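There are 4 protein chains.
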Amino acid sequence: MTKTIQTAMVGVTGYAGAELARLLLHHPHLKGKPPVFAGRVDAKDLEHGGISLTEVHPQLADNNGAAGLKLEPFSWELLSALGVEVLFLATPHEQSREWVPEALERGLRVIDLSGAWRLAEADHRAVYAFADDGTELAAATQAQAVYGMPELHRERIAGARLVANPGCYATSIILALKPLVAAGLIDLRHGIVADAKSGVSGAGKPPTPRTHYMYAADNLSLYSVFSHRHTGELLEQIGIGQCDIMFTPHLLPIPRGILSTIYVQFKKAQTRESVAGVYREFFAGSPMVRLYDKALPQIQYSVRTNYADIGFQLDAGGTRAVIVSCLDNLLKGAAGQAVQNLNLMLGRPESEGLA
Amino acid sequence: MTKTIQTAMVGVTGYAGAELARLLLHHPHLKGKPPVFAGRVDAKDLEHGGISLTEVHPQLADNNGAAGLKLEPFSWELLSALGVEVLFLATPHEQSREWVPEALERGLRVIDLSGAWRLAEADHRAVYAFADDGTELAAATQAQAVYGMPELHRERIAGARLVANPGCYATSIILALKPLVAAGLIDLRHGIVADAKSGVSGAGKPPTPRTHYMYAADNLSLYSVFSHRHTGELLEQIGIGQCDIMFTPHLLPIPRGILSTIYVQFKKAQTRESVAGVYREFFAGSPMVRLYDKALPQIQYSVRTNYADIGFQLDAGGTRAVIVSCLDNLLKGAAGQAVQNLNLMLGRPESEGLA
Amino acid sequence: MTKTIQTAMVGVTGYAGAELARLLLHHPHLKGKPPVFAGRVDAKDLEHGGISLTEVHPQLADNNGAAGLKLEPFSWELLSALGVEVLFLATPHEQSREWVPEALERGLRVIDLSGAWRLAEADHRAVYAFADDGTELAAATQAQAVYGMPELHRERIAGARLVANPGCYATSIILALKPLVAAGLIDLRHGIVADAKSGVSGAGKPPTPRTHYMYAADNLSLYSVFSHRHTGELLEQIGIGQCDIMFTPHLLPIPRGILSTIYVQFKKAQTRESVAGVYREFFAGSPMVRLYDKALPQIQYSVRTNYADIGFQLDAGGTRAVIVSCLDNLLKGAAGQAVQNLNLMLGRPESEGLA
Amino acid sequence: MTKTIQTAMVGVTGYAGAELARLLLHHPHLKGKPPVFAGRVDAKDLEHGGISLTEVHPQLADNNGAAGLKLEPFSWELLSALGVEVLFLATPHEQSREWVPEALERGLRVIDLSGAWRLAEADHRAVYAFADDGTELAAATQAQAVYGMPELHRERIAGARLVANPGCYATSIILALKPLVAAGLIDLRHGIVADAKSGVSGAGKPPTPRTHYMYAADNLSLYSVFSHRHTGELLEQIGIGQCDIMFTPHLLPIPRGILSTIYVQFKKAQTRESVAGVYREFFAGSPMVRLYDKALPQIQYSVRTNYADIGFQLDAGGTRAVIVSCLDNLLKGAAGQAVQNLNLMLGRPESEGLA
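Top to bottom, those sequences are chains U, H, B and R.
Start counting the first sequence at 1; every next residue gets the next number (my numbering).
Start counting the second sequence at 1001; every next residue gets the next number (my numbering).
Start counting the third sequence at 2001; every next residue gets the next number (my numbering).
Start counting the fourth sequence at 3001; every next residue gets the next number (my numbering).
Where hints are given, some of them may not hold.
What the hints assert, rightly or not - Dumping the calculated BS3-like pairs for lysine-lysine here, alpha-carbon to alpha-carbon at most 30 Å:
id, chain 1, residue 1, chain 2, residue 2
1, B, 2033, B, 2205
2, U, 267, R, 3267
3, R, 3268, U, 267
4, U, 268, R, 3268
5, R, 3294, U, 205
The hints are simulated quantities; they were obtained by calculation from the structure and are not laboratory data.
From a predicted model like this one, the values you see are computed outputs, not experimental measurements.
With these hints in hand, go ahead and build the complete structure from the sequences.
Put into structure tokens, the structure is as follows:
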């Protein structure tokens, strides 16, 4: 019997934070309950003795003793006193930029769910405008970061001290395209189109005009056209350039789930079997990707699971394809993938605690 | 050919305001375009030259020249210069308390959509805690107010200088109960139950945790149990006491519409026909109430109309009934009823501009 | 280590069937995979070699080897050959009436999710019009049936050979009212109102005009007023008469979840604590009921759990109360409660496999 | 004052039929009430004395005397007796193929909402597999058909005896692409992508597994990939080939509305103004197209209007664009466009009765 370990998480008040808390509370290999830190709750709430996790997320009430957990004011000393080994950050990227170097310094391994450390190229980081970009410490930290997509970087994640957990849209699109690009099937001269649609939880918990029920319901809208922050990630990970893809996010009137419809043209005609074979080979040993044989994935099939579902259809000539990639933006697109990375870092089965 | 008149409205940025603007722009008896005033838009927005109505409400773009309308800073002088005769206020009740006395003083007729002037009894007004309650001016103004429900006060509205436009829930429940209570059918000793459900537009346009899509969608919740502000209105207008009714609002995962399910017990057994007769007689000459013969009203039938739909079903013994009352909270529950009142004040057909 | 046992289920193609299959596949005390039987799939589908469970319910694809399960044509011989001890029926009530006597005869223990055996009184059964009502075999079978609500009949369920699993609405209303009626708090002369609202999965999987998206979405409607089939159950289990309650179901535009708003008047004034105490005492030892202290239950908190959530609010005088009862119609209202009953029948912890 | 004319419509029971009935009842230039014919209602319903229009569509109850209209059994004699001049067919395409030749023969002008007569090329018609394709009568009828998109064929529609009203998806995509293709801006070698999303009313009124609330809600799915029936229309009208475009429909969890996201690459770099200029010129004199300057169209802005909303965004280099095209599938995508065509045929203002 291997020993269990102690984790902690910062930023529990958002939607991804709630899912992560739930997963950590149930994970069979983790020790007791993780201390949880607000990250966004007003300081005044925390002054008054701390609120409980289930006050913030009533739906967690039945989860393995969640009722007893209080939101703690963040403290490096508490982490140290509890012997925390792995720290999850579900914090805004500015906060992750600030804290991660110190966490590493203190010997913690970090899984960061923000966009703070995902991008190797300065050009791509420009969209985040990090105040510290260019400092030596930032460069040294970035150098240690491993992009936390197990299907691409399984071995490096296992040994990583800092895992940059991928964005939800990026996960959906990278998993669909990387195998085909790596195999050299796609004719990039014609450009790829990734038309992506996400449920409202992707827009975050703070109430805004865009997350108002009256705006989101019975509607569909585009946003961040040619400018979404996940663009850099998917370019770097797929290994293509800015001009090779048009990626457009849409806001769907559903609570959660992403469906990306991806259009590609092949260098030469393919068959259903030749394409399926490329996917099968690439995802051999990847328990959290489901390849669809006949039907196409739908949001309803992957939502509330940690699976990425991938299917495709060729045109009659075999030279063009529509690829469909579905996942739950809060699980495989955030908290679930973070736990998948945790499992790799601990040498556990990749899908442990994710069924 | 009767002359047309000039109106104006304050508080155009909310959902009821948008509906009212649309109705006024299309009303055949009104002169040109009404000047519209923000009421809630930040002062800084207005400083910058004024924003257009269609920037705030893009769905109004096709409405009869709405594109040309700018949101004006409020000004008594402008009202006067334009010869405005009727002023609509879709403002918070505090603002209506402040402005209505001056408007009346200046000779304007006012239709106020807030709860400021609906309540005759001080006990019922307590829920609003008006700073000026108790002043002579407030009392004198209140004395002029007519509760703007045409089906109850048609004649008085016609001559009114101040119409207090009813609340949405109150309209739904009063129309269902007043005829039966007035006819002496209901045994009040057993208590009436009014279980009311409203779409999210009833919660207003400012983004809040409760109007977040993630809260409202796939959910149902109660609020203001035993304490909703519309309670006083319905007691006064139906003519019953606090103990005679339990009224509970619910937040429905739909954009608009109210359905109230009302439970009553009769003093003696009724037949379908005896109850239907009471309703028919009461609503004779009321073009905006539809009585249902066989099926029961549903939200989908009254939404986007100015109709109040009423139906009912008796139990086998005829001593108990379930009454169903549906309307669109933004139309018959707000802007539509306001225009119905305007029509009465101008001696126009009651449903003009409301088809 | 206690031995695991073999179960089987008939009627897997509906929504409750899918949930039951999922729960059985994951239950730690059950042997391997249960054989599953269609119950409603067209005979011609089954002729063609049998379809797989995951073709009918793709969302089950990741569940513990569900992929390998085929829908079998029903066969007593197969049940016998596999050593099935407990048989779940998620079949129409007519089919349950026909099969249960034979199942008992063959020594199987049965948990029937239909309304076939829930009702002790012939008057209440009239709504189902069973062809065999009145036969000796039916009477003898009915005499063995235990109403499968653990919170009321825990001991009898443990030893039962036939458990009649409760209806979803009935569960919601009985749990809210039974403690107060049993404690003699409620003044029945004034009548109870149970205004209940259910998501669309409660209307079943076959496409009908009422389950069409265009009918259910953006709408709210009543159905089965004064005539819903669950009325008999709740009268018998609460121990009240037809005239003591008005129960009205509504169709909510959400996939799943029930919220019942229940209105009662007390014989004498109560306090929050006196009522809470009655509930706490009644539900002591009931792990699947959550009592709410401050806030009221909402559908979003109980959906996708097996909990029944109960909360209430008194009026200022303490003589009237609004009680709110929420549950997931497919879990605590159907498949989850069935597994809760299974656990009792096997002497297992009541909430096993339901977390 | 020009004389008013008499119309009639067949196929009133569907969603587009209801909208068409509503528009015809309110149209200021039409005579009295149009006779309406079921088209799909069971013969047995009609036997029993005829059902009323408002029984089939209760939401039409307030529309200008709709209450008095009965669904008639179809009869050429009745059309003749009433002096019907224009016949609308909202019937299945097979029925339109059968009836249109006779209608023309009898001197009626026809606006057919089905796909029966939209396609000039036999290859494109293959998807419908008309039994009569290849007959002389069919060829002669087809030769008279004008594709009913006023923005493309205004003059020919004015004189047409048979107008083939466009498909909803096709309208959305043609209006977005035709101006740019006609102006020679688009580099077709790279292929166009049209990722289109439609509300559930597009799937028709008969209940099916796909229109079940439980399937459509909280979901997104693709259908008819590389094979949707509207493909032929958009190829013929835009003037491109099968290989020049990938068009994929999605089923949105909303009642109505289409949003098409269209990706193009230009032959040479464009500016916002150069593209906007092409659109402005093309749509000069087209009152039912709204061009967006800054923001992009959203479904909520065009739904329940007859407008087609078009906006676009260029990438930084000006060589690629995302075009967004929104409309209401039942109005500009069906019944509204049909009335627009009627107006042209009668020499009336194109937007009459459509505000």
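Subject >> Structure versus earlier hints, numbers of those that do not hold, lowest first >> reply: none
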